[in-house]
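Novice: With the sequence shown counted from 1, adding 114 to any position gets you this note's numbering.
Everything labelled a hint here was simulated from the structure, so no lab data went into it. Among the hints, erroneous ones may be present.
[To be verified] Listed next, the in silico DMTMM-like pairs over lysine to aspartate or glutamate satisfying Cα-Cα at most 20 Å (straight line):
id	residue 1	residue 2
1	Lys-201	Asp-216
2	Lys-493	Glu-395
3	Lys-274	Asp-335
4	Lys-199	Asp-271
5	Lys-503	Glu-363
6	Lys-199	Asp-216
7	Lys-201	Glu-128
8	Lys-201	Asp-376
9	Lys-383	Asp-441
10	Lys-378	Glu-363
11	Lys-207	Asp-376
12	Lys-225	Asp-518
13	Lys-378	Asp-483
14	Lys-225	Glu-204
15	Lys-496	Glu-400
16	Lys-408	Asp-518
17	Lys-199	Glu-265
18	Lys-378	Glu-517
19	Lys-225	Asp-483
20	Lys-471	Glu-363
21	Lys-493	Glu-517
[What the hints assert, rightly or not] Each pair of labels, with its calculated beta carbon distance range:
id	residue 1	residue 2	range
22	Glu-228	Ala-132	37 to 45 Å
23	Arg-168	Pro-117	27 to 35 Å
24	Leu-217	Pro-364	27 to 35 Å
25	Leu-217	Ala-132	22 to 30 Å
Ideal Cβ placement from N, Cα and C applies to all residues, glycine included.
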Amino acid sequence: MAPKLSIDEVFYSELLKAVGTYSRLFSESQTPFFHSRFVEKLYARASGAEDLSRKDMSFDAKNLTSNAGVGVKTFIANNLTGSKKEKIAEFPKNAGLGDFKDLTSSQLALKVSELRNLRVKSDAAEYGINLDTSIYHCLIRIPGRCMAHEEPYSLIDLAKIRPVDRHLNPSKVWVSGKGSTYFTDGNAHYSFNGAKSVLMKRFDFKQGVNGAPVPIAISEDIFQSILQNTLIDSLQVSGIEMKMALKTEPFVVLPLYSTRGDSKTVAEKSGINQWMAGGRERKFGEAYIPIPAKIHTMYPDFFPNRDVVFATDLPNGTSIQTKVCQDGRKALMSNPNKALCEWLYHLIDGDLAIAEKRFSSGSPYTYQDLEAVGKDSVKISKIGKLHYKLEMMNLGSFEDFLED
Numbered sequence: 115m116a117p118k119l120s121i122d123e124v125f126y127s128e129l130l131k132a133v134g135t136y137s138r139l140f141s142e143s144q145t146p147f148f149h150s151r152f153v154e155k156l157y158a159r160a161s162g163a164e165d166l167s168r169k170d171m172s173f174d175a176k177n178l179t180s181n182a183g184v185g186v187k188t189f190i191a192n193n194l195t196g197s198k199k200e201k202i203a204e205f206p207k208n209a210g211l212g213d214f215k216d217l218t219s220s221q222l223a224l225k226v227s228e229l230r231n232l233r234v235k236s237d238a239a240e241y242g243i244n245l246d247t248s249i250y251h252c253l254i255r256i257p258g259r260c261m262a263h264e265e266p267y268s269l270i271d272l273a274k275i276r277p278v279d280r281h282l283n284p285s286k287v288w289v290s291g292k293g294s295t296y297f298t299d300g301n302a303h304y305s306f307n308g309a310k311s312v313l314m315k316r317f318d319f320k321q322g323v324n325g326a327p328v329p330i331a332i333s334e335d336i337f338q339s340i341l342q343n344t345l346i347d348s349l350q351v352s353g354i355e356m357k358m359a360l361k362t363e364p365f366v367v368l369p370l371y372s373t374r375g376d377s378k379t380v381a382e383k384s385g386i387n388q389w390m391a392g393g394r395e396r397k398f399g400e401a402y403i404p405i406p407a408k409i410h411t412m413y414p415d416f417f418p419n420r421d422v423v424f425a426t427d428l429p430n431g432t433s434i435q436t437k438v439c440q441d442g443r444k445a446l447m448s449n450p451n452k453a454l455c456e457w458l459y460h461l462i463d464g465d466l467a468i469a470e471k472r473f474s475s476g477s478p479y480t481y482q483d484l485e486a487v488g489k490d491s492v493k494i495s496k497i498g499k500l501h502y503k504l505e506m507m508n509l510g511s512f513e514d515f516l517e518d
């Protein structure tokens, strides 16, 4: 039996046809226009997957049966049988830190691949995603038609990185360029644009799984079509409905680093490195997330009183028992103590085995480890009485939270 797409193709196609007819609202091209957010939402609806598209991470959806992660993309191509290079990751902060400075083309290919793999493994660990079954879902668009294409979402095989030329054809030598490089790992072809700090991947439409091409009839008199279909009436929303839609859960952002001093550092023997503290024998995962005093000052009633147990939902679908501890209610801890920080260590290192080696070798986490995965804080949202949820946040989120 031929492989199938991960979606309900009939439902998917009918929605594409319905929305594609309104392309003239946004473009004069004969190629149908679909906003990337729409395609992400459509995929989640047509596959029954969890929508992660607003999480600003490596995956846009998660299959709730297989735990496969899905990267959703839409782009224009010349045809439905060729290939197209598309962006799969950006590294502006790493470039700003000088991570790519003075590297040769081969060194740059390895460095970018390591950073991309670490980010993907970190996000997979955070959300409980199975990388072995993860896929890219692409909506390819050409004049008058579009087609769904799926292929594996794989880590880059670091041991098999080899050079290719600027057109991604096999090459025996590395192409020299101003901070750019071109390479393959034998499974896919990549290029890194140093000026934009962008990693590109070639999507080959002859590989993977393709759906049937979907014809899109674009309405040339779109405003008349809208009036005829009474779309305006259907979009009218009452004030109460609007307020409900805009309602947000109260939340705070906590840093994983020390807020003392001008530079960002992870305390060597407290916080997420409490297992390094002396005084008694420590266990792996024995740590806490620090709560700065200013959080209690700004939001005195956000957390329960000290030692009151409450449930905290993690992005991977598990719920753990947590409480605020220590003098000044300065620590968010779990019971058992390792439940929270083993999950946290896994996503920082991308592999729990690597995290465990830190414990045996006495190698504490540093702010550079947080920079490598692009996450240095957590968002805690209150979703009910003694019920919270936690998710990772990008670099600089704590400062942004205080400014807002």
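Novice: Give me the numbers of the hints this structure contradicts, sorted from smallest to largest.
Specialist: The structure conflicts with hints 1, 2, 3, 6, 7, 8, 10, 12, 15, 20, 24, 25, although it agrees with all the remaining ones.
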